[in-house]
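This is what each chain is made of:
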Amino acid sequence: MPVRLRRTLLATALAGALAATSACGGEAEDSAEPGKTTLVVKTFSQFGYEQLFAEYEASHPDISIEEENIGKLGDYLPKLQQWIATGEGAGDVVALEEGILSQFMANPQHFVNLFDHGAAELESNFLDWKWQQALTPDGNKLVGLGTDIGAQGMCYRTDLFAAAGLPTDREAVGELWPTWEDYLATGKRFLNGGTGAHFFDSSNGIYQNILMQQGDHTYYDTSNNLVIDSNPAVRTAWDMTIDMVESGLSANIEPWSPQWNAGFKNGKFATIPCPSWMLGTIEKQSGPENADKWDVAKVPGDGAVRGGSFLAVPTQSEHQAEAAELVKFLTSPEGQIAAFKSKNNFPSSPQAIDDPAVQNFTNDYFNNAPVGKIFGESAKAIQPVYLGPDNNPIGDRVSNALVAVEQGKLSPDEAWKKAVEDAKRLVN
Amino acid sequence: MDTKWSPYLFVAPFFVIFGIFGLFPLVYTAWVSLHQWSMGGSGTFIGFENYLELFDDPNFWNATINTLGMLVLATVPQLLIALVLASLLNQGLRRLTFLRVGVLLPIVTSVAAIGIVFSQIYDRDAGMVNGMLGLIGVDAVDWRADKWSSWIAISTMVNWRWTGYNALIYLAAMQSVPRDLYEAATVDGASRIRQFWSITVPMIRPAIIFTVIISTIAGMQLFTEPLIFGQGSYAISGGSLRQFQTLSMYMFEKAFRDFDYGYGSAVAWMIFVLIMLLALINFLVMRKGK
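Chains B and P supply the protein sequences, listed in that same order. Residue numbers for the first sequence follow the numbering used here, beginning at 3 and rising by one. Residue numbers for the second sequence follow the numbering used here, beginning at 6 and rising by one.
Think of the hints as simulated: they come from the structure by calculation, not from any bench. Note that the coordinates shown come from a computational prediction; the quantities given were computed from them, not determined experimentally. A portion of the hints provided could be inaccurate.
[To be verified] Derived CB-CB ranges, DEER-like:
id : chain 1 : residue 1 : chain 2 : residue 2 : range
1  : P       : Q41       : B       : Q361      : 48 to 54 Å
2  : P       : L279      : B       : W258      : 28 to 34 Å
3  : B       : A293      : P       : F23       : 57 to 63 Å
[As the list claims (entries may be wrong)] What the simulated footprint calls covered on chain P by chain B, stretch by stretch (three residues with Cβ under 8 Å from a Cβ of chain B suffice, anywhere in the stretch; the number is not a length):
id : stretch
4  : 128-134
5  : 159-172
Where a beta carbon is used, it is the ideal one built from N, C-alpha and C, also for glycine.
Please work from the sequences and hints to get the whole structure.
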């Protein structure tokens with residue numbers, strides 16, 4: 003029906019109309035409670051802030067907080083863009099996932115400089131690379147403060163490992179794969195075990211993981227030149243992933259698809275590189291009937307992170323000072339510890355990581371794995387990686403090329419060529 | 006009230022609403038498409054550069070072919086089945102109301118639900134279609150991996166949803182065909198099938214033109230079904246090699262994933278132009294056939 007096109011056009015039109023009028027500002031004043039300032043916080047997925055908000059409201063009687071949450075990051079991003087583009091609707095605090103942040107770093111003028119609100123003295127509260135990610139190249143503007151990081155572990159199924167004759171103890175499993183080559187060798191051993199399951203879900207997670215461990219930068223160099231075909235780090239990650247696909251390790255199941263969800267339940271794959279925020283997903287999809295079958299070991303290579311977010315104050319906020327105070331509170335070590343306990347979002351603050359509350363934290367669904375300790379070691383081992391402006395869209399294209407190899411539609415060489423061409427066309 | 010101006014007042018609401026929600030967005034999108042327009046909400050004027058780039062963009066043409074391919078696969082069987090269905094419903098069957106409501110049911114189902122259910126039916130590992138193919142010894146098909154298979158899967162969703170709707174439109178038209186034409190034809194010894202092609206179809210021509218044009222427009226904007234069918238974290242590309250990415254999906258990808266509003270608007274305008282073209286062709290072909 004024509005409704006759809008019209009709706010799209012309508013959205014574009016409204017975007018324009020609002021952009022034109024927003025200059026004269028004046029959103030309806032806080033209707034909720036007179037005398038109180040309402041701060042609207044926009045988040046996606048789960049940030050685990052309910053308790054923190056209640057605490058903050060109790061200690062700040064003049065502030066009330068409203069969280070507006072969108073379930074999927076994929077649905078959040080287009081909305082966020084509309085809010086920012088139209089200068090209307092972004093509220094007072096927005097959550098920025100690291101890939102989104104790197105896209106926005108090209109236009110930092112949409113966000114309040116947190117240095118203007120006393121953020122400079124907080125630097126030691128954050129892992130250095132996390133701090134750098136939200137800092138403009140000239141070092142004059144801080145766009146956001148870190149919340150969590152996607153510290154990596156390797157989640158695995160103890161029942162499938164036992165059936166394939168592999169060790170099941172998490173220390174012993176970690177020793178199976180000091181490097182990704184060892185991981186590949188273990189995968190081959192697993193396949194010979196004849197369980198019928200594959201070794202991992204899809205090339206996507208493996209590739210991202212290896213890539214992020216290569217350090218320094220990925221598709222862009224630090225002056226934002228596209229270096230996808232000259233950066234050996236990208237090629238190394240690609241070749242290793244292809245090796246694994248060609249050895250039959252991949253179940254070729256798209257992440258976040260219904261088959262993927264079912265795969266957790268039916269034990270279609272034995273391992274999955276899991277950032278800390280994914281533990282909740284694994285638990286939810288595997289269900290209570292698979293309790294205690296999952297465990298977490300260290301990830302091959304020297305730690306890694308994938309994902310993780312920031313909080314920022316959009317310049318369109320009418321309560322910038324109050325919003326910045328709230329951001330500082332939520333991203334404080336204490337705030338990060340609370341969020342970790344609530345939803346497994348792993349802290350980006352060294353103080354929080356070293357806190358006994360995190361270090362001693364175990365996850366009972368995963369055989370009481372000491373996840374605080376495992377992810378903490380992973381987070382501290384990694385080298386910072388610079389992500390350029392179109393890092394995410396390019397990453398999508400590279401993953402698609404890998405999937406085409408998994409599906410048998412392209413040879414590895416053709417797929418690599420395609421990924422490079424797509425990236426170049428995107429950037430030009 | 007004065008009779009000269011009041012009629013304009015009465016029709017004004019339509020034109021005001023059309024102006025705000027129809028015309029303005031159209032013009033504004035055209036304006037945006039002439040810019041290098043990203044996050045900031047405004048950008049540099051670059052004339053027709055986006056369009057030139059678009060004509061040179063294999064992904065745009067791929068999306069165009071996918072859209073047209075699925076349009077044919079979805080519209081032609083849909084309208085043919087609807088015609089047959091309508092003429093069956095037009096017979097003096099008992100419990101007719103029940104059946105008429107029955108054909109209308111798919112249309113009230115949400116597109117998302119249809120997408121999810123059909124995605125499972127066409128699932129590679131546990132899908133019903135592959136299960137049945139297995140029974141007759143055919144290997145499982147990875148429905149998302151190829152153009153032909155993904156087009157078929159998506160077209161069945163569209164067909165399933167809209168066939169009944171079109172059948173009801175045809176039925177309504179058929180009810181106004183004079184009975185005595187059929188009686189005369191029967192006296193002349195024409196078979197039922199002959200009557201169908203020589204009386205029913207020509208007599209309901211306006212309804213057929215209407216459904217063809219409406220289905221074409223809907224087909225050109227195909228979005229939700231392939232998006233849900235695609236699944237995964239990056240479904241907007243319509244498969245690993247863009248096997249089933251439609252034009253609307255490409256527009257969305259450029260504007261909201263790649264942050265390139267100008268280019269996305271150019272794609273939107275091309276969709277509009279293509280729809281106008283197809284509607285014109287439909288119209289001319291139908292008129293010529295008269």
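Those earlier numbered hints the structure runs against, lowest number first: 5
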